[in-house]
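Starting from the known structure of chain Y, fit chain B onto it as the hints suggest.
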Amino acid sequence: MSRNLFLGTFLSSLVVLAALISFVWTPYDYSALSIPEKLQPPNVEHWFGTDHFGRDMFSMIMVGARTSIAVALVAVGIGMALGVPLGLTAAARKGSWLDEVIMRGNDLVFAFPSLVIAILITAVFGAGAINAIIAIGIFNIPVFARITRGAALSLWEREFILAARVSGKGAARISVEHILPNVANLLIVQGTIQFSLGILAEAGLSYVGLGAQPPTPSWGRMLADAQTMVSFAPHLALIPGVAIIVTVLGLNLLGDGLRDWLDPRIRVARA
Amino acid sequence: MLRYALKRLISLLISLAVASVVIFAVIEVAPGDPASFMLGVNAQEDTLAALRAELGLNGSKVHRYLNWVGGMLVGDFGTSYTYRTPVSQMIADRLWVSLPLALYALTLSTLIAFPAGIYAAARRGKPGDLAVMGATQLGIAVPNFWFAMMLVLIFAINLRWFNAGGFVGWGNGVWAGLHSLTLPAIALALPQAAILARVMRSALLDILGEDFMRTARAKGLSRRQALWRHGVRNALIPVLTIIGLQFSFLLAGSIIIEQVFYLPGLGRLVFQAISARDLIVVESVVMLLVFAVITVNFLVDLAYAAVDPRLRSRT
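If you're matching them up, the sequences are chains Y and B in order. Under our numbering, residues -11 to 259 are what the first sequence spells out, in order. Under our numbering, residues 500 to 814 are what the second sequence spells out, in order.
Extracted from the complex, chain Y is given alone in its bound form:
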C-alpha cells in the first residue's frame, strides 16, 4: 500500500465516519442555540468552539460532512449514470452521427462552468441542495462520457473484443460485458476525483447561498457566516476550511493512490 493510498484512505474514512456517526450521535444538538455560550474558542466542552448562536461547531462540522458527502456523491452518481452509457455508445458507434452528437453535446456542457449552471438553475428554480446536486451532476456527465469513450475506443481495437464480435455478440452486449469491466478501474479513479471536486463545488455554492439552505448545516455556509466575524472569532472560519481541505486532500490522495494501485505500470513510470 503506497503512502498516498494509506493517507488518502485514512483521511477520507475519517470524514465518512464523522458523517455516519452524526446520524446517531453528535456531542450536542447541532441546531440547539445557546446564546450565553456564543463565540467560544475551542475548549474542553466544545472541542471546536461555538458559533455566534452558541451552537457547537464540532456537531455542525459532523453534520456538515453529511451534507457535503451526500451532494457530491449523488452528483458523481448522476455523472456516471448518464455519462458512462453515453461514452460507451459513442465508442461503439465511433465516427457515426450519434458519436458526433454526443461529443459535441459534451463540448457544449463543458462550456458552462458548473457555477454558471448553478446560477442559471438557481435563478429559475431557487436555491437548494437538490439544485446544487443537479448543477454539479450535469457538469460531471461530460467528464465521465469523455473518459469512458476514450478508454473504450482503444479497447475496441483489441483482439478479445474481436473474438467477442466473431462469436456473434452485438455492440451493446460487448459494451456491457467486456468494455465496461475493463474501464471500471478508470471510472473508480475518476469518480474519486470528481467526488473531491464536488465537495469543493458544494462548498463554493453554499458559500454564495446557492447550496443547502438553513437549518441544514453545510461547511460552505458556515464559512459565509464566519466572514464578518473572522477578525474576532477566527476559529469559525478556520475549522470549516480545514474540514474541506482534509476531505478534498484525502479524496485526491485516495484517487492518486488507487490509480497507482490499480495500474502497476504507472507506478514504475511515475516514481
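Derived from the structure by calculation, the hints contain no laboratory data. None of these values were measured; they are calculated from a predicted model.
Not everything, but these chain Y residues come out facing chain B in the computed CB check (under 10 Å):
id: 1; residue: 95
id: 2; residue: 99
id: 3; residue: 100
id: 4; residue: 192
id: 5; residue: 214
Covered stretches of chain B, going by a simulated chain Y footprint (3 or more residues, C-beta under 8 Å):
id: 6; region: 510 to 521
id: 7; region: 647 to 655
id: 8; region: 755 to 762
id: 9; region: 791 to 803
For every residue, glycine included, the Cβ atom is placed at its ideal position computed from N, Cα and C.
Just chain B now, with coordinates in the frame of chain Y:
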C-alpha cells in the same frame, strides 16, 4: 491551416447558437412575470400591459429569442428590469473589474506555476520535487474563497497592507486599482497555479524522456541548456491548453471571490440580479460567460494547431 480554422469556426458558431437557445429556454421556464414583479402587486392591468410591450415581453417565443440574439449581436443586451438601465452598460462597467481580475490571476498563476513545475521536473524524485508536489496537492484542496478569507485575516486585518474589500476604481490610477485587486487575484490564482504546476511538471517529464533530449545532451548541451532550449519549449504545448481552460475557471471563479471582497464585478451583478429576479441580466451575463469560454477554447485550439501541424488533420 485555413481549412482547419474554418471548420473550427463553424463549430464555434453552432456551439454559440445552441448555448443561446439553451439559456433562453431555461430562463423562459422561470415562473413569474417581470412586469408584475417590477410594478408590484397593486399594478393596474393597463400599466402592466404597457410595460410588457415596452420590455418586449409580448410576441412569440421565437420572436423574442431572435430579438434577444439579434440585439446582442449589435451590443444591445436589453434593459434591466430593476434598474431600467441598458444591460450592456451594466455589464461593461462590471467587466472592468472582473476581466482585469481574471487576467491578473492568470498572470500570477503562470508566474508561480512555471518555475515551480520546471524546478520539480528538473529535480524529479528529489526533496525539492516532493516539496513542490506536496504543496500543489495542498493547493488543489484549498477552496479559493476560504484562502481569500485567510488572506484578508492576515494581510488586511492584522498587517493592514491591503483593504479587506471593495474596489477603489481605475480612476485613482492603475496602481491603486491593481493594489485593491491583489488579494483577490492571489486567492484566485493559488489553486490554478497548483494545477498548472503539476501539468507543467508532467509535460516536461514526458519531454525529458524523448530521444531528442538525449541527442541534445549528446551534442554537448549541458543538462540546463537542454532543459530550457528543447524541454520547456516543447512542454509548453499541453500547458497552453490548460491555461486556456483555466481562463474560464478564473472568470467563473471570480464570481465567488468577488463575494468575499465585495468587488463590484460580474459576480455581484449576477447575485443582485438573481435576488431581484432581474432575469434579463442573469441571461445576458451567463451568455457572456459561455461566449468567453467557447471563444477562448476556440483560440486555444487554433494556437495549438499553429504550433503542432499534426493536429490539423484531426478534428
